[in-house]
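Chemist: Below, each chain spelled out in residue letters.
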Amino acid sequence: MDFNFTDEQSMLRDTVASYLADHYAFDQRRAMLGKEPGWSPSIWKAFAEELGILGAPFSEEAGGLGGGPVENMIVMEEMGKALVVEPYLGTVVIGGGFLKHSGHAQASDLIGQIIAGEAIFAFAYAEPQGRYNLADLKTTARKDGGSWVLNGAKAVVIGAPYATHLIVTARTAGGQRDAQGVSAFIVPKGAAGVTTRDYPTVDGFRASEVTLENVKLDAGALIGPADHALPLIEKVVDEALAATCAEACGVLRKLHEGTLDYTRQRKQFGQPIANFQVLQHRMVDMFIQVEQSISMTYMAAIKVADDAERAKACAAAKVQIGKACKFVGQNAIQLHGGMGMTDEMAIGHYFKRATMIESAFGSTDHHLARYEFLSLGQAA
Amino acid sequence: MNLDFTPEENAFREEVRAFIKGNYPASLRAAQDAGGQLSKENYLAWHKVLAKQGWVAPSWPKELGGTGWTPTQKYIWSEELARADALPVLPFGVSMLAPVLYTFGTDEQKKRFLPGIYNGDVWWCQGYSEPGAGSDLASLKTKAERVTADDGKEYYIVNGQKTWTTLGQYADWGFFLVRTDPDAKPQAGISFLLIDMTSPGVSVRPIITLEGGHEVNDVFLDNVKVPVENRIYEENKGWTCAKALLAHERSGIAGVARSKRGLEKLRSMASTERSDAGGSLLSDAFFRRKVAELEIDLTALEFTELRTLAGESSGKGPGPESSILKIKGTEIQQRIQELALEAVGHYGAPFLRDLGHNAQIGPDYAEGLAGAMFNGRKTSIYGGSNEIQRNIIAKMVLGL
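Line order of the protein sequences matches chains G and A.
By the numbering used here, the letter at position 279 of the first sequence is numbered 279, and the numbering carries on one by one without gaps.
All you need for the numbering used here is the position in the second sequence, starting with 1, plus 380.
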């Protein structure tokens with residue numbers, strides 16, 4: 001048993017952390033989000049060229065650093081600490097995940113483009129009616145000779161405004177919520193028939209409502225097996241969950257540290273408010289939530305590569321993370337008092353991200369139900 | 381013990397319901413439906429209608445403009461306002477300052493200030509908190525020095541900074557706590573001053589809150605000259621006024637009627653939203669349990685409030701027990717906001733504030749839910765944080 005990081009992994013963390021400390025301070029981020037396009041292509045370029053981190057989880061043969069889920073965890077935790085909006089998750093973890101696991105003909109090409117910072121992916125899986133059920137799909141893809149034709153609407157596609165490619169899930173057979181008949185496609189965002197309505201999200205990202213109207217794609221657009229892509233989709237979403245848990249750990253650490261700092265400085269009744277036992281106990285409970293979350297994130301990062309244990313591990317981790325995001329986020333604001341309510345302090349921005357992570361790729365209830373099913377079986 | 385409304389009370393309910401329906405300003409309704417920031421005119425439109433009807437200040441003594449309603453009638457009134465999604469009357473003048481004025485003010489002060497409050501001609505704001513005086517309000521440092529000016533009259537020269545002044549950007553006048561005796565014990569050296577916000581030396585700076593709104597402000601006071609006759613009650617006795625005001629601020633804070641309405645909306649939303657299994661979200665076992673628990677907690681709060689009201693009508697003022705209402709009331713409001721955000725799933729994420737209500741991203745009821753939830757975190761902080769309320773109960777109720 002070993003929870004230590006290798007020298008390479010520690011170096012990766014230091015590289016990302018020190019770059020973000022210099023280029024992604026709170027005020028720099030805020031200025032960048034306040035103007036179009038709402039993200040920084042030059043930072044993305046630096047991730048690719050200067051830091052080389054866009055290849056972190058890809059094999060050395062593919063041009064990557066030869067890492068995997070642990071490397072994603074390290075990068076994502078640092079991204080969480082700086083509230084990075086650039087699409088590492090959508091591109092490297094999700095886009096890269098689909099390409100790696102599917103054996104797609106263009107995989108090595110596209111992975112090369114990801115590593116070079118040229119291809120940017122967004123994951124168009126959610127639909128207005130589907131909540132967190134990955135198989136609840138009204139979007140259809142039908143065969144037309146050697147082509148596929150896609151029609152439908154995708155909801156809240158995070159990162160779509162900056163993407164070059166979308167991964168779109170669609171129904172190729174079966175009924176609206178059937179596990180069978182689900183397929184996935186790579187859709188160039190500029191393809192005819194793809195329209196987007198772009199908007200900011202409450203936590204500083206950009207997203208789109210994506211409409212697909214008779215979008216005609218060649219046969220090679222299919223990624224993974226036709227009609228049977230749900231297991232692939234679930235695997236990639238679990239990897240995204242594990243990475244999101246790591247991002248959350250970064251956010252949670254900042255919420256907790258920020259609260260400790262503030263309560264040590266803030267004086268009321270002639271003393272730092274950190275002296276009050278009721279606040280000390282609250283901060284201890286926050287600390288426990290942070291530590292439990294880190295533990296579950298490690299567990300998920302280790303087990304996500306094991307198909308037998310993956311789903312249960314990721315569901316369990318997300319339940320812990322969801323609860324921690326609520327408790328730590330809300331109490332961080334509470335202990336900052338009025339200052340926690342202001343836009344000018346970073347703490348509120350961490351709280352908003354934590355709140356959105358609670359429901360990312362499924363709410364706490366969703367993953368609790370999923371865990372129940374996986375662990376206890378169908379209710380009698 | 382009984383819970384029945386009398387036929388007269390039911391008739392009263394019909395009357396006020398019809399009045400709200402027939403008289404609620406259409407312009408205000410449209411502005412509320414559009415979402416975003418309300419204008420000063422929006423806020424005042426409903427106030428003026430109620431002033432004309434004589435219903436703007438039900439709790440004031442009858443001779444000053446109160447309605448003379450029984451506690452039950454006031455309860456029915458607040459229920460009907462909430463049911464209609466009517467904007468609450470702004471509390472600063474009507475329910476915060478006015479009770480201080482009619483309890484501690486001189487006849488002349490009452491005559492001078494109460495009509496403007498009642499009619500909505502004068503917008504009031506509160507100058508209590510300071511950057512260094514929040515929970516520990518008595519440590520406030522804004523200084524008022526008494527001087528005799530060249531005109532032979534006495535003035536206070538006020539210097540300092542107030543913060544979290546809600547809607548201060550619209551205010552004509554403010555009520556302020558200032559230190560008039562720097563050598564006395566903290567609570568003993570404070571006075572309660574009314575300050576014209578157009579006085580030279582008063583400046584208001586917006587504070588943008590985390591959901592993007594402009595509700596609160598910093599207020600800077602730089603050598604502001606305030607006539608001594610603008611002081612309420614005795615010099616250095618302002619803390620007495622402040623305490624009375626805070627008790628009033630707490631008693632209204634339970635927000636039972638508003639929370640009931642919030643729960644109704646939540647249920648309606650959750651019956652439209654789909655669960656992962658495809659049924660209504662309200663049929664999802666986990667979600668419905670949370671709604672049920674919330675309803676039960678709200679019922680407990682409602683009956684606690686009714687007991688408090690019954691106590692008031694038999695002559696007891698709102699005591700430290702009102703801290704229970706503040707704690708539970710705000711916790712419940714926050715949980716409703718959280719569940720509403722949870723109910724809309726992915727559509728909690730879009731930030732449409734700057735795009736206007738025509739953006740139409742996702743269902744219309746989803747718009748603004750995240751912002752409301754973020755903004756709602758203030759309720760367990762303001763008016764004496766919920767930690768301070770627990771201190772009050774420990775000390776004043778339990779005698780610990």
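Mixed in with the good hints there might be a few duds.
Claimed, not checked - Listed next, the in silico DSSO-like pairs over lysine-lysine satisfying Cα-Cα at most 30 Å (straight line):
| id | chain 1 | residue 1 | chain 2 | residue 2 |
| --- | --- | --- | --- | --- |
| 1 | A | K442 | A | K623 |
| 2 | A | K428 | G | K267 |
| 3 | G | K45 | G | K143 |
| 4 | G | K45 | G | K138 |
| 5 | G | K138 | A | K401 |
| 6 | G | K267 | G | K312 |
| 7 | A | K670 | G | K326 |
| 8 | A | K401 | A | K454 |
| 9 | A | K670 | G | K323 |
| 10 | A | K565 | G | K267 |
| 11 | A | K640 | G | K323 |
| 12 | G | K267 | A | K775 |
| 13 | G | K326 | A | K645 |
| 14 | G | K45 | G | K267 |
| 15 | A | K645 | G | K323 |
| 16 | A | K617 | G | K267 |
| 17 | A | K645 | A | K428 |
| 18 | A | K640 | G | K326 |
| 19 | G | K267 | A | K442 |
| 20 | A | K533 | A | K605 |
| 21 | A | K565 | A | K420 |
| 22 | A | K523 | A | K428 |
| 23 | A | K645 | G | K312 |
| 24 | G | K267 | A | K454 |
The hints are simulated quantities; they were obtained by calculation from the structure and are not laboratory data.
Chemist: All hints are to be evaluated individually against the structure, with a verdict given for each.
Modeler: The hints, checked one at a time:
no., hint, result
1, K442/A - K623/A, "23 Å, holds"
2, K428/A - K267/G, "43 Å, violated"
3, K45/G - K143/G, "37 Å, violated"
4, K45/G - K138/G, "36 Å, violated"
5, K138/G - K401/A, "42 Å, violated"
6, K267/G - K312/G, "45 Å, violated"
7, K670/A - K326/G, "15 Å, holds"
8, K401/A - K454/A, "18 Å, holds"
9, K670/A - K323/G, "15 Å, holds"
10, K565/A - K267/G, "18 Å, holds"
11, K640/A - K323/G, "26 Å, holds"
12, K267/G - K775/A, "22 Å, holds"
13, K326/G - K645/A, "23 Å, holds"
14, K45/G - K267/G, "44 Å, violated"
15, K645/A - K323/G, "25 Å, holds"
16, K617/A - K267/G, "25 Å, holds"
17, K645/A - K428/A, "28 Å, holds"
18, K640/A - K326/G, "24 Å, holds"
19, K267/G - K442/A, "44 Å, violated"
20, K533/A - K605/A, "11 Å, holds"
21, K565/A - K420/A, "40 Å, violated"
22, K523/A - K428/A, "36 Å, violated"
23, K645/A - K312/G, "35 Å, violated"
24, K267/G - K454/A, "41 Å, violated"
Checked against the numbered hints above, the structure breaks hints 2, 3, 4, 5, 6, 14, 19, 21, 22, 23, 24 and satisfies the rest.
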